[in-house]
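Visitor: Chains as they are written, first to last, in the working numbering: chain P, 714 to 995; chain V, 258 to 886.
The hints are simulated quantities; they were obtained by calculation from the structure and are not laboratory data.
Every residue, glycine too, gets a C-beta built ideally from N, C-alpha and C.
Hints should not be assumed to be uniformly reliable.
Stated by the list, open to error - Facing chain V, a subset of chain P residues (Cβ under 8 Å, in silico): (1) Ser896; (2) Ile897; (3) Leu898; (4) Leu900; (5) Val912; (6) Pro913; (7) Leu914; (8) Arg916; (9) Thr917; (10) Val921.
Unchecked claim - Over 10 Å on every C-beta distance to chain V, these chain P residues come out as not near it, computed from the model: (11) Pro741; (12) Thr784; (13) Arg959; (14) Arg964; (15) Glu966.
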Amino acid sequence: MARVAIVTDSTADLPPEIARRAGITVVPLNVHFGDEVFRDGVDLTTGDFLRRLGSSDRLPTTSQPSAGLFTETYRRLATDHDAIVSVHISGKLSGTVGAATIARDDVASEVAVEVVDSATASMALGLLALRGAALAEEGLDGSAIAARLRAEAPGHHMVFFVDTLEYLRRGGRIGAARALLGSILDLKPILRVEDGVIVPLERTRTRVRARRSLVGFVRGLPTVARLAVLHNSTPDEARELADEFRLIVPRDEVLIAEMGPVIDTHVGPGAMGVAVAERMEP
Amino acid sequence: MSRRGHAKDALTATEPSPAVAPLATNGGTAHREGPPDPRDDPGTAAATAPWDGPALLAAVTAATDALTANRDRINALNVFPVPDGDTGTNMGLTMRAALDEAAALRGPAAARAGEVAAKVAYGALMGARGNSGVILSQIFRGFARAVADEDAIDGPALAAALVQAREMAYKAVMRPVEGTMLTVIRGAAERAAARAAVDPSLVGVIGAATEGAEAALATTPDLLDILRQAGVVDAGGQGVVHILAGMARYARGEASVPADATGTTDPAAVGAEMAFLDKVEELHGEDIFGYCTNFMVFGERIDFERSRAELAAMGESAVIVGDDTVLKVHIHVLNPGMVLDYALRLGELGQIKIDNMQAQTRALSDQRGERREQQHEQRHEQRHEAAQQTSAGRPVPAVAAASDTAAVAPLGRQAILAVAAGDGLGEALRSMGASGIIRGGQTMNPSIEELLDAVTVAEQDEVILLPNNPNIVLTANHVPELTSKRVRVVPSRSVPQGLAALAAHQSDGDLDANAAAMVAALASVRTVELTRAVRDATINGVAVRAGQAIGLLDDVLVASGDDDDAVTGAALAEAGLDDAELVTVFTGEGIAPEQAETLRATIAADHPGVEVEVYAGGQPHYRYVIAVE
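Work the whole structure out from these sequences, hints included.
Guide: Structure representation (structure tokens):
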């Protein structure tokens with residue numbers, strides 16, 4: 714039976730334990746504080762990151778994994794897998810897909826790698842990677858898994874709000890949410906990753922309203938297979954929100970995850986979100 | 258919420274005319290003598306000469322002056338003593354537009370009274386603002402029609418013109434209601450006609466018209482119950498009295514004088530005409546059946562009266578206006594095809610719009626401006642620019658919004674146009690997703706035309722209008738009929754309501770779903786306003802003196818006193834702060850946000866669970882506009 718390895722990147726915000734159990738390999742992006750470079754989630758946790766953010770006078774930046782790191786990873790996995798499906802953050806938000814594609818071509822003679830652009834980020838990507846792992850478990854081959862993930866990617870939604878638009882603005886990932894800049898009001902805008910880019914969905918002015926909007930978004934979906942509440946510095950709020958979702962989504966399918974340092978660099982402290990996978994035809 | 262308990266609603270729902278005052282004050286016009294009897298003063302030679310073009314222009318100028326001179330005073334005279342939108346302003350602006358149009362007339366035509374009157378009527382129609390302005394424009398339309406062939410107007414011609422003005426005014430609405438401007442112009446016309454029969458002098462006729470108008474004005478509370486309940490006379494009718502009195506002054510050879518010195522500016526006699534207009538809307542809404550059919554007919558030598566009668570006989574709720582070259586038809590029929598067939602025989606059809614009336618009928622009592630707008634768009638725009646009264650909302654492209662300004666791109670498929678006075682309020686609305694701000698609000702009600710202009714220039718074909726004022730809701734309600742774009746009016750009564758509505762708008766939602774969500778969101782916010790009483794009054798059992806601070810909760814007077822902060826606190830207490838999440842204070846013109854700091858600190862201390870934000874709203878007259886969510 715063909716063994717297919719699932720690879721994703723650290724912007725999937727997959728809790729390490731969940732990734733490990735699903736057998737997913739996570740390739741880290743990088744966070745730069747000045748000259749210091751950290752591997753996302755490997756030598757920098759969300760807590761470390763926020764502490765550094767508070768004490769640093771320079772805002773961090775991020776960079777994609779090198780193609781070399783992907784090549785190395787694919788070669789390592791090729792030793793005990795027949796194929797690799799590498800699913801990543803939207804190519805419109807990061808060059809990660811590009812690096813993975815270069816690596817795929819480098820290792821073409823050794824192992825078949827399918828690179829999938831998820832067109833989303835954070836746990837929406839994470840849930841897609843988990844879906845890939847489940848399909849691999851079912852015994853589908855690499856190209857079949859990749860085809861399924863590409864088809865199901867549009868059913869994976871990432872909706873979130875930020876405490877301030879400043880981080881998105883500085884990080885350049887603001888997309889159509891640029892329209893929200895310059896607001897004289899202290900907005901907690903609801904944003905959505907759609908077709909790979911960040912777009913404004915609603916404008917709210919309090920976190921309470923913003924959380925309500927996240928719930929409203931989920932309620933508006935026809936079906937929900939799985940859901941993850943994302944936060945970076947508000948665990949209590951995240952638990953409350955998860956409890957609310959457990960009223961409308963099967964308990965075991967509601968996860969809580971931390972937004973990792975790379976995502977945090979772009980959304981800033983206090984951001985919260987929800988990643989949802991719609992139920993797909995089996 | 259009961260209508261009556263709702264001060265702005267009950268008194269000003271349709272027309273910016275909180276301009277009402279107790280009849281008892283100062284004796285009122287009703288109990289006053291008319292202007293000096295012209296028979297006692299034979300007048301100068303100039304005064305007895307018929308009015309040619311320049312003289313008519315001067316008479317209209319005097320009428321405009323008289324109205325304008327009283328405008329602020331009328332505006333300040335509310336049964337509900339808040340500085341708010343008003344009939345005086347709307348009629349004044351309508352007159353100003355009429356005058357500007359006529360004053361621009363050049364050459365031999367300017368010498369002819371008929372030509373000048375035609376320009377006055379056209380200008381009034383284009384500039385008509387508020388319901389009182391629309392009816393005023395019809396008065397001038399009738400007047401102009403009567404004197405169309407006259408080089409000069411003498412007493413009998415003037416009386417005949419007033420009679421025709423009366424007829425046109427009554428035709429402007431299908432179900433005329435007495436106790437309104439209509440009653441007043443009727444009184445003027447009857448008295449003028451009677452006088453002309455025995456005394457053909459111009460001075461005598463216009464004097465009689467003024468007396469007749471004043472006498473009729475005094476009867477308005479007897480004719481319309483809501484006026485009696487409020488103890489007021491009709492505001493629009495009072496405006497007509499001022500206009501006639503201004504003309505009478507000119508006829509007597511008197512110079513225009515300041516408001517307080519004229520004999521016709523008694524503050525007691527102003528009233529609310531919205532009752533009448535409300536009824537028009539309500540009556541119109543009763544016979545919901547069949548298809549609401551709207552179209553225009555462009556032809557030549559149309560027999561207007563006959564066509565109007567024949568068309569009206571085909572259905573219900575007919576509103577048909579126009580002349581021998583163009584008709585604008587609104588009618589409810591079971592078979593729209595039949596009506597269109599008939600109309601095709603009259604000329605070319607345009608702007609056909611047929612709605613199956615399930616949920617609502619759209620009131621289209623008397624709109625006819627857009628026909629002229631099309632024909633004279635260019636000139637009209639020039640006039641608009643010259644007037645500089647408004648800045649229609651312009652859509653802001655997403656790219657432009659990249660700069661750190663208040664410019665914010667529209668969210669998604671719909672343009673959202675919001676009415677606001679005050680830069681800060683406008684920016685706040687933009688921040689929440691309004692794509693355009695139409696200047697106006699509590700002290701300046703935009704005309705239908707201005708709202709329509711903003712809709713026209715919006716990039717999107719789907720538009721949501723947020724009037725943000727009870728006095729602009731009905732004006733906005735006319736807009737959907739006048740454009741091929743899909744327009745929904747979300748009847749927001751305050752800027753806080755507008756902001757709440759915007760928060761419910763989803764960028765990817767469809768028009769009707771968004772409009773419904775926005776309407777539902779209106780109830781999620783309460784609006785507290787702090788202003789000053791412009792005169793003494795007792796409302797809802799709360800007594801206030803001129804100059805005192807008054808606090809309003811959702812348009813209802815709930816607190817008054819000498820200390821701004823105390824009154825604000827009392828009004829906020831009524832709003833139920835304990836359940837609130839967010840209190841947003843917009844400070845008025847000339848008030849720095851820091852000045853609201855005490856207020857912020859007090860609310861924060863008393864209600865620790867409530868977030869309080871303070872922004873510079875820049876609105877006139879209202880020290881604070883506060884959203885409690």
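Visitor: None of the hints should be skipped; say for each whether it holds.
Guide: Cross-check of the supplied hints:
no.: 1; hint: Ser896; in the structure: holds, 4 Å
no.: 2; hint: Ile897; in the structure: holds, 5 Å
no.: 3; hint: Leu898; in the structure: holds, 4 Å
no.: 4; hint: Leu900; in the structure: holds, 7 Å
no.: 5; hint: Val912; in the structure: holds, 7 Å
no.: 6; hint: Pro913; in the structure: holds, 6 Å
no.: 7; hint: Leu914; in the structure: holds, 6 Å
no.: 8; hint: Arg916; in the structure: holds, 5 Å
no.: 9; hint: Thr917; in the structure: holds, 6 Å
no.: 10; hint: Val921; in the structure: holds, 5 Å
no.: 11; hint: Pro741; in the structure: holds, 32 Å
no.: 12; hint: Thr784; in the structure: holds, 38 Å
no.: 13; hint: Arg959; in the structure: holds, 23 Å
no.: 14; hint: Arg964; in the structure: holds, 28 Å
no.: 15; hint: Glu966; in the structure: holds, 25 Å
Every hint, counting from the list given before, is met by this structure.
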